[in-house]
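Since each chain sits alone in its own frame, please combine them into the complex, following the hints.
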Amino acid sequence: MDSNQSSRSEGSAEQSSLVSEDGKNIKSVVCQRCGSKVLCAGTAVLTEKELFLPSMRKKNNINQSDGTLDGDTLTAHWLVDDMYTFENVGFTKDVGKVKYLICADCEIGPIGWHSLDDKKSFYVALDRVNHE
Amino acid sequence: MDSRYEIQRRAGGGAAGFGGGSATGSPALGASARRRKTPPRPADYKLQIIIIGSRGVGKTSLMERFTDDTFCEACKSTVGVDFKIKTVELRGKKIRLQIWDTAGQERFNSITSAYYRGAKGIIIVYDITKQETFEDLPKWMKMIDKYASEEAELLLVGNKLDCESDRIVTRQQAERFASRISGMRFCEASAKDNFNVDEIFLKLVDDILSKMPLEVPSRELSNSVLSLQPEPEVPPELPPPRMRCC
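Read top to bottom, the protein sequences are chains W and S.
Under my numbering, the first sequence has 68 at position 68, and the numbering climbs by one with no breaks.
Plus 1000 on top of the position in the second sequence (first one is 1) and you've got my numbering.
Chain S with its partners taken away, still in its complex shape (with noise of 0.2 Å):
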């Protein structure tokens, strides 16, 4: 019953769930009433997931979900989301997913090497509509080599897949260039009409799982929110005074 938090190991698109449409409900809704039975459980997992790839291509909209309704629009604009916890299951485990978008710093070097230290999952975005984003591929994978683990999963996304009939960049050429590196895995996808994109986070953490040890959850994650900060032992400086809201 709890089939649509599942795919099959490898299988993966079909499964849909994470985040969800508005129009449908929530998912996690659909679980609260399916978990009402058993007392709360802490996550069996912890995950950070990070994006990456060129300004424009979609990586914001890959980790929102798309409204033209947002409340406090000008609140988002000014503000930003920072980072999300999302919890899926899979496998029967609880996963919370810590999502983290590197909009706005696009410029390769712009982004600390803390984003990628602890990260689990790294999804590398490009705009099929923009061969320029795929031409900067290989500058991220630079990036992921020397700071990411060599443990974390790769999963490169051609985004934008609703704009089909603008498409520079083939299906082929992407997967030629997923293929030249090992554990690459690639999809494309639309987040404006959501299409693939719970299942790119889901078929993420499920490659992630498959590597992990049996039953050892990953307690590596501190709680705090500036554990990503390049160096967590000095206290970290009063950020530059923003606009307020709006």
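Just chain W, same shape as in the assembly (with noise of 0.2 Å):
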């Protein structure tokens, strides 16, 4: 299955270099595709939280023997209080009590998380998106 990203940077030392001492991503947080920035360097601060993801790709979507939505559960994400901090990103509709984050510029995603139950909580996960 090539669903899963093949960087799992959960943990490893290519995470580190993103976290400041004071636990915020050092690189400005990009789309993946498009480079739209999502985040500025310094504004988010990584957290760690099982959170479930559809897979960004099409075509693996659903699986084709039961029906069940592909994706990923992803622990590693940069955490903002609030939306205004985003440079640019998108949210769906809600499905259940969640939005998804999607790269506002080419739509790409999800890339993030949110729950309509907590409304100072926005989640990037670092395996959907790029630092430079």
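Just so you know, the hints here were simulated from the structure itself, not pulled from any lab data.
Don't take every hint at face value.
Stated by the list, open to error - Cut-off 20 Å, straight-line C-alpha distance, at most; resulting in silico cross-link-like pairs (PhoX-like, lysine-lysine):
{"#": "1", "chain 1": "S", "residue 1": "K1046", "chain 2": "S", "residue 2": "K1093"}
{"#": "2", "chain 1": "W", "residue 1": "K97", "chain 2": "W", "residue 2": "K119"}
{"#": "3", "chain 1": "S", "residue 1": "K1046", "chain 2": "S", "residue 2": "K1211"}
{"#": "4", "chain 1": "S", "residue 1": "K1046", "chain 2": "W", "residue 2": "K120"}
{"#": "5", "chain 1": "S", "residue 1": "K1046", "chain 2": "W", "residue 2": "K119"}
{"#": "6", "chain 1": "W", "residue 1": "K120", "chain 2": "W", "residue 2": "K93"}
Keep in mind the model is a prediction, meaning the values are calculated, not measured.
Encoded structure:
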């Protein structure tokens, strides 16, 4: 299955190069596909939380055999507490009590997760974005 | 050097940058290179913009960048984009736009008044190839008069300029319509080939900024995505179960 991103950066040395001493993102967070800037450097905090995000690849989205939704449970996320911290981001309509975050420009996604039950938490999965 | 983001007051077109083109790279990316020297700063302004207009005029296309190759296309059609946060820089200010598209709620009275209430800018879209979408404009104006702030900047957009050969509504007709409404600006655009789309937003933002008191950032918008619900003090009902993605 190649729906899992090849780079499982969680807990790796790669990840430590992205996080400052105070737990913030050293680099800016950009869209993997179009480079649109999602977060400026230093604006988000690394956090661990198990979140299921549907696959970004449409062909793999539904498992042909059992019809379940294909995706990844990701644990490393950039967390911000105010939606206006984002430089550019899109919100999907509600899926249950969740809104998925997508790239505001090319709409690739989901790149992140937001629960309507927690208005002060917006998560962007490290594996679903680039850092530069 | 930030010229991509700056437009002269009332000069309108010319400045690209908002949204950008996928082939040429993101303007945000460019901005990151420019801004790297300075620490991140919070936005100077937060503005809410809504896009209204009859069904099929291309509201969503104005908000979205047109891509044939969108990942998770199936997700998009079932779930859809609710709103976007976009950042532009104008007059040396960093402005966060919260842009709402009202597609799917085109029956005039189905768009809740809450959409209008907080909007600092309203983009009213019609299709230059469909007379009825132009004739609907007075009805949209009624909604604006009823619900929107008097301060809200209005921009009329004749969309689908790429279909010039099928044009029904002339530019003059629309100019005449816009000129009868105080403060309404008008332009034509094509979301399909991105013609004038960046400019539309920049123009609107520029108009909004010119009305705002200097150095008093707008703090009216709450952090909640539910803030546009009609009665925020009442806990929102759980939305009806939707089909799972795809």
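Does the structure keep K1046 (chain S) and K120 (chain W) at a Cα separation of 20 Å or less?
-> holds, 17 Å
Are K120 (chain W) and K93 (chain W) close enough, with their CA atoms no more than 20 Å apart?
-> holds, 18 Å
Starting from K1046 (chain S), check that the Cα of K1093 (chain S) is at most 20 Å away, please.
-> holds, 11 Å
Can the restraint linking K1046 (chain S) and K119 (chain W) be considered satisfied, given a maximum Cα separation of 20 Å?
-> holds, 18 Å
Take the C-alpha atoms of K1046 (chain S) and K1211 (chain S), compute the straight-line distance between them, and say whether it is at most 20 Å.
-> Status holds; Cα separation ~14 Å.
Proposed proximity, K119 (chain W) with K97 (chain W) (alpha carbon, max 20 Å) | The hint holds at about 11 Å.
Every hint, counting from the list given before, is met by this structure.
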